[in-house]
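> Sequence:
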Amino acid sequence: MSDGKRESTAETVDPGETAEAVTEDSPARDSAAGGPAPEDSARKDSPPEDSAPEDPSSPEDASSHKAAEKEVEKGTQEAAGEAGRSKPVRRGRLAAVIGVVGELLITAGLVLALFVVYSLWWTNVLADRQAAKQGDRVREHWAAGRGPGDLDTRDGIGFLHVPAMSGDDILVKKGTDPKELNQGIAGYYTEPVKSGLPQDQSGNFSLAAHRDGHGAKFHNIDKIDKGDAIVFETKNTWFVYKVFKILPQTSKYNVDVIDPVPKGSGKKERGRYITLTTCTPVYTSKYRYIVWGELVRTQDVDEDRTPPAELR
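Here the numbering used here is used: position 120 in the sequence shown is 120, and no number is missing along the way.
Source of the hints: derived by calculation from the structure; they are not laboratory data.
Fair warning: this is a prediction, and the values are worked out from it, not measured in the lab.
Hints may contain errors.
To be verified - Here are the simulated DSS-like cross-link-like pairs (lysine-lysine), alpha carbons at most 27 angstroms apart as the crow flies:
#1 235 / 268
#2 252 / 174
#3 179 / 194
#4 194 / 267
#5 174 / 242
#6 267 / 245
#7 223 / 286
All chains should be modelled from the sequences, with the hints used to inform the complete structure.
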């Protein structure tokens, strides 16, 4: 009887109480049965929808996972850094090499520029000064009546005047070696063919001078035209020549142009000639530029050293 009463009582339990009992006991049953919690229980225990979900893993696993991620990220960054640094290193070395080469080129350019300035300008300044001093000494000797003769002085034999080429008077000395011509003067040949002198009854008065640098006395030789005057001044005489032939280019080994009867000039007989020689093209010494003239008259020097009409 009592068992039946218990069963009846059990069967007639209030639904609300039964639900509460079921709800309270369900976790235990779920845990024992291994099944999921009822929907109402899950809804009751679950966090609000707007809250972040919890990591299902344990704190130790999460910490290990994050540490692993950081290690991977660190390794990736280090690899990227190494790759990034390798390029700047290579670029840095290349830039350094380019910088050194650039500096060397700039230095070489400056040295070359200074050499050009020295060769084409400063040597002119020095040579002109030296020639002017020597020329003044010659004229002083002439004025004082000193000196052994008209064409015999250790400082120079006279002055060349070529109005078409230069307005300056050019001191003429013996010899065509560089040590002579570098003094800013014109020199007459002593070899390979010995030059004649203006007072000779016949001969070829052959002169050479620099075209650039060291006074560049024949720089404008290409300005001379056929028919132009060339005047040579000595202590006692003006020798006036007239240009009859120009040879713009010939071999530097062609010494026949300074023969007593210069070959290539068109002359066939001996006479009283003058020949001007210099390098060509300008700033090179590859060829020679030749100008020939023939004596047309002489004029005595007066007390005032009045120049001939060709120089006035």
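> Take the hints in turn and mark each one as holding or not.
Each hint tested on the structure:
For a cut-off of 27 angstroms, the pair hint linking residue 235 to residue 268 is broken: about 32 angstroms separates their Cα positions. Simply put, residue 252 and residue 174 have alpha-carbon atoms about 20 angstroms apart, close enough for the 27 angstroms limit, and the pair holds. A threshold of 27 angstroms between alpha carbons decides the hint, and for residue 179 with residue 194 the separation of about 19 angstroms falls inside it, so the pair holds. Of the pairs offered as hints, the one joining residue 194 and residue 267 holds, with about 19 angstroms between alpha carbons and a cut-off of 27 angstroms not exceeded.
Under the criterion of a C-alpha separation no larger than 27 angstroms, the hint pairing residue 174 with residue 242 is consistent with the structure, at around 23 angstroms. For the suggested pair residue 267 and residue 245, the alpha carbons sit about 10 angstroms apart, so the restraint of at most 27 angstroms is met. For the proposed pair residue 223 and residue 286, the alpha carbon gap of about 20 angstroms is at most 27 angstroms, so the pair holds.
Consistency note: the structure conflicts with earlier hint 1 alone.
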